[in-house]
Amino acid sequence: MVMFDGEELGRIEEKLKEWREKTLPKWLERMPERMEEFTTLSDIKVKDVYTPLDLKDWSYLEKLGLPGEYPFTRGIHATMYRAKLWTMRMFSGYGGPEETNRRLKFLIQHGETGLSLAFDEPTLVGIDPDDPLAEGHVGIEGVNIASLRDMEIVFDGINMGEVTTNMTINPPAPVLLSYYVAVAEKQGVPYHRIGGTTQNDPLKEFIAQKTYVFPPEAAVKIAMDVVEWSVKNLPKWNPISISGYHIREAGATAVQELAFTLADGIEYVRQLIARGLDVDQFAPRLSFFFDSHINFFEEIAKFRAARRMWAKIMREWFGAKKQRSMWLRFHTQTAGVSLVAQEPFNNIIRTTLEALAAVLGGTQSLHTNSFDEPFRVPSEFAAKIALRTQQIIAYESGVADVIDPLGGSYYVEWLTDEIEERAWKYIDRIESMGGMLEAVKKGYPQREIMDASYKFQRDLEEGRKFIVGVNIFRSDDIDEIRNVPLLEFDQEEIEERQKRRVKEVRANRNQERWKRSLEDLRRAAERGENLMPYVLEAGRSYATLGEIMGVLKEVYGVYVEPPEY
Amino acid sequence: MEAASIEALLERAEKGNLRALGRLLTLIEHPTPHAIQILERLAKRAGRAQVIGFTGIPGAGKSTLASRVIGALRRRGYRVAVVAIDPSSPFSGGSIMGDRLRMQEHASDPGVFIRSIPTRGVKGGLSTAALAMIEVFDAMGYDKIIVETVGVGQSEVDIINAAHTIIVVTMPGAGDDVQALKAGVMEIGDIYVVNKSDKAEANKTAAYLQFALEREDIGRRESGWKPRLVKTSAVLGMGIDSLVDVIEEHWNFLRESGWSGRKVEARRILMAKMMAESMLSAKVMEAHMESLGYLEEVARTGEGIFRAAEELARRAARKMLE
Amino acid sequence: MSSLQSTEAVGGAVRRFKVLVAKMGLDGHDRGAKVVARALRDAGFEVIYTGLRQTPEQVALAAVQEDVDVIGVSILNGAHIHLMKRLMTKLKDLGADDIPVVLGGTIPVPDLEPLYRLGIREIFLPGTSLAEIIEKVRKLAEEKRSREEAVTGVGGC
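Residue numbers (this note's numbering), protein chains in the order written: chain D, 1 to 565; chain R, 1001 to 1322; chain E, 2001 to 2157.
In isolation and in its complexed conformation, chain D is listed as follows:
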């Protein structure tokens, strides 16, 4: 069923022809266009105006349907933000477990129940704070967790049955989840009440995030262990957050972000089905994480296309039956990469536009970046403005009152279709390589992103794309930068404290139990078993993060990125 009848389309076509031949040329003569051609950030060429003619064979029910119904283009819930606003999930953190514990308690006092843990880089790559590579890094970009002891401190006085915790952690995900579960066990919280998310998305590590540890096959295997174990043991846990964010931040286009993320998801679904899991058993537990960049309509179209594509993939490729299995639930973060050092307060406006696009795109939760992020982890002042940005969109602007308000816009629908079509092409290409794991091993997405980011930089240099204050209305005023109040904390003190504590933990644990747990872990890894029960036992026996990861590195090896340019 198409939207417009043929007769009406005929009249529009005639009228448009007339406009192009008579009206427009006269105008162009007096007011020529600003650019030779207009393109989105993904280099999709856009026309001057869109009309019903661009949606000629377009079927409303097939392309959009209604909110909460297949293909979910308009949103996964029938009520969307009219019932429940998106979750304003602000991700941040620095310091040691004590500082984090204080911050979490502060948030809980102010009604927050969805906690989010950012980890520092030593934790992200699974090394202890006294590892030589960790020197100078402990506690900078998030909290440092080196053993169960640290996790105990983080959740001291917090009832883990009453909060959910999002942990942005990848290769060491089984370890951090184990520490979390082990603390909950000590608190007497039953497994069915332990809720939260582990990012646990290994493929994007190779493509973009670069906190990889193990080679690709082993990394995927370990991540799938976490998913399988969680599906069977922690009914409230979201074991994986399939992330396009880092792919985009590494320089991908919107189309690449969408395609590579879905292709990652496809790979994981296949891996889990191959383990004998039923698709409807695990699919509702998969969630996604996207970037919201500065090209407004392109982002909105990307989110809408993503929902439609994933629903189709789950229903038609994998035979999912439950509606929930077809939902693309996603968290969004505004584009850190779009923020610049020049005139940093302008970053607030960039973030506002990006947040608005995420909301109009139907996100389930949102993190807005702080304007000072080109310099350091956000100050409280900057983080507050970022949160207020979301609240103003939610409560003042009225954009959350109507579901998918841009649905039916000739341009947005055309762009949604266009992005979807381009993303399918990428997915087809990846499928022909044998799926994303193989494509990653060949360096395919890595190269595509590298090319795109280089091209974007060239476009900036040559004036085809613009950043205000950078390559247009350039500002060299350093005073404005100087006046940004930055977060100050004593990193060295935290590093010393964490080094001291990890040594204490090593000295004071039950050495026999600790040793046995690591030996059992090694054997399980060599046999190819699901590692989670063994990592959990190692966690309970106070094996440190670096020790557990060390055993696994010996069994699986360590990844070194091949040179790709």
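It is worth saying that the hints were derived from the structure and are not from the lab.
Don't be surprised by glycine CBs; every beta carbon is placed ideally from N, CA and C.
One thing to keep in mind: the hints can contain errors.
[As the list claims (entries may be wrong)] Example chain R residues on the side facing chain D (calculated, C-beta under 8 Å, incomplete):
(1) T1064
(2) G1098
(3) D1099
(4) L1101
(5) R1102
(6) V1235
(7) L1236
[To be verified] Calculated cross-link-like contacts (lysine-lysine; reagent style DSSO-like; alpha-carbon spacing at most 27 Å):
(8) R/K1204 to D/K441
(9) D/K186 to D/K105
(10) D/K441 to R/K1199
(11) D/K499 to E/K2085
(12) E/K2139 to D/K455
(13) D/K553 to R/K1199
(14) D/K45 to D/K63
(15) E/K2136 to D/K455
(16) D/K465 to E/K2136
(17) R/K1199 to D/K221
(18) D/K221 to D/K441
(19) R/K1015 to E/K2092
(20) R/K1199 to D/K442
(21) D/K312 to D/K221
(22) R/K1015 to E/K2144
(23) D/K105 to D/K312
(24) R/K1204 to D/K442
(25) R/K1204 to D/K221
(26) D/K425 to D/K321
(27) D/K56 to D/K15
[To be verified] Covered stretches of chain D, going by a simulated chain E footprint (3 or more residues, C-beta under 8 Å):
(28) 338–346
(29) 478–489
Since the structure of chain D is provided, determine the placement of chains R and E on it from the hints.
Okay, now just chains R and E, sitting in the frame of chain D:
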């Protein structure tokens, strides 16, 4: 002044100053008069190191394997130098070399010295540069000199051929087609390695290779050495010590049979020939620039083009003699 | 003949400017480093990329072994003061503090002064154009080559 400063540089390098060694390598990278002066000085002292060539199919994990071998050689007390010939992409005049990143774990070990050379940009001089670097490392007392290259193109084949020990690296599924192994450097290995042998199909690939070795389809045999096969997994660190054992065995074999000296001689003869070629080609270039008018005239009419070539060669030769 | 072709060798080959592009510490943000590496290559430089997770000591030794004309470091994780201190110390130990070092990344303004005091020659904040980076790197490389020539008489080659 110049001679004195080269002297000073040499002295510092000999005392183990890495900065000075790095500078020396730059000086000999191009066959300038300085380079020749340095080589003259150093060659007398060289001739003791084992030169180990790593080559093989792309993606087989050559650099990672080389890195593991470096580690094992270090544990056995050897000082190791690496000449990494980097297959830089052919897009522009410049190059990006990333091969050493697979060996970076050794970068902080003062007993390992890694130096990269791009495949382009050293126009025709690639072999000369690599061979000259080997000579310098050898003279500076490095025990093992690893040369790592994909082995595409004649100059790379020449370089590898100059090694005492050639290691050809393959991986599961890659050696099943013996015909593919009979091309270029793949044919001339002293040691064949099936890397990534933790993967399925590794045994099959090893069996194919073993068969090809037994039939003497592949392998270098001039010295009487019987080429060997080793299975490794560089990522997991498996089979590395066996490989190093065979490398050592081959070295002992070459020394006892007198072939190690012969290889050094062959390497130097090759280097001399390469240098002569690049010197001559520089003179041809000069003569060509000076004779442009004449050449253009000849090219236009098409008459006497072969005589013109002869004339060019003669002019170049005269310049050489000046 | 471009300024890159500073010395004609006997074989007719040229010695291009050589730059080490380095990532130190645990910072995985490599987009900037790779974009700059590519831009330098396209401008005719010989670029050596260290890969991720290098210690400052490894980077210094790589610079010495490769005898580069400029070291370019990219840091976006806040550990710049610590890492750059270690790098500059190691370069000094190796007698290689004549190699100019430039830094790019997310650097707070109050840190600029201490970094310059460490001897870092240029600091590129987010938003710096590739053209500017290339120009400044080229200038530093030219200066270094001419210093070498003046001192040793053999610097150019």
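| Coverage of the region 338–346 of chain D by chain E, judged on three or more residues with CB within 8 Å | holds (count 4)
| Hint consistency between D/K186 and D/K105 [alpha-carbon to alpha-carbon, up to 27 Å] | Roughly 19 Å between the alpha carbons, so the hint for D/K186 and D/K105 holds.
| said: Holds or violated: R/K1204 and D/K221, Cα atoms, limit 27 Å. | reply: This hinted pair holds, its Cα atoms lying about 25 Å apart.
| Is D/K553 within 27 Å of R/K1199, Cα to Cα? | Measuring from Cα to Cα gives roughly 17 Å; hence the hint holds.
| query | Does the structure keep R/K1015 and E/K2092 at a Cα separation of 27 Å or less? | reply | It holds: about 18 Å lies between the C-alpha atoms, which stays within 27 Å.
| For the pair supplied as a hint, D/K441 and R/K1199, is the alpha-carbon distance within the 27 Å limit? | holds, 14 Å
| Given the hint that D/K45 pairs with D/K63, does the C-alpha gap stay at or below 27 Å? | holds, 22 Å
| query | Holds or violated: D/K425 with D/K321, Cα cutoff 27 Å? | reply | Holds, because 26 Å separates the two Cα atoms, which is no more than 27 Å.
| Do the alpha carbons of R/K1199 and D/K442 lie within 27 Å of each other, as the hint requires? | holds, 17 Å
| message | Tell me if the straight-line CA distance from D/K221 to D/K441 falls inside 27 Å. | response | Since the Cα atoms of D/K221 and D/K441 sit roughly 15 Å apart, the hinted pair holds (cutoff 27 Å).
| Does D/K105 pair with D/K312 here, judged by a C-alpha cut-off of 27 Å? | violated, 42 Å
| request: For the pair supplied as a hint, E/K2136 and D/K455, confirm whether the alpha-carbon distance does not exceed 27 Å. | output: Within the cut-off at roughly 21 Å; holds.
Hint violations for this structure: number 23 only, all remaining hints satisfied.
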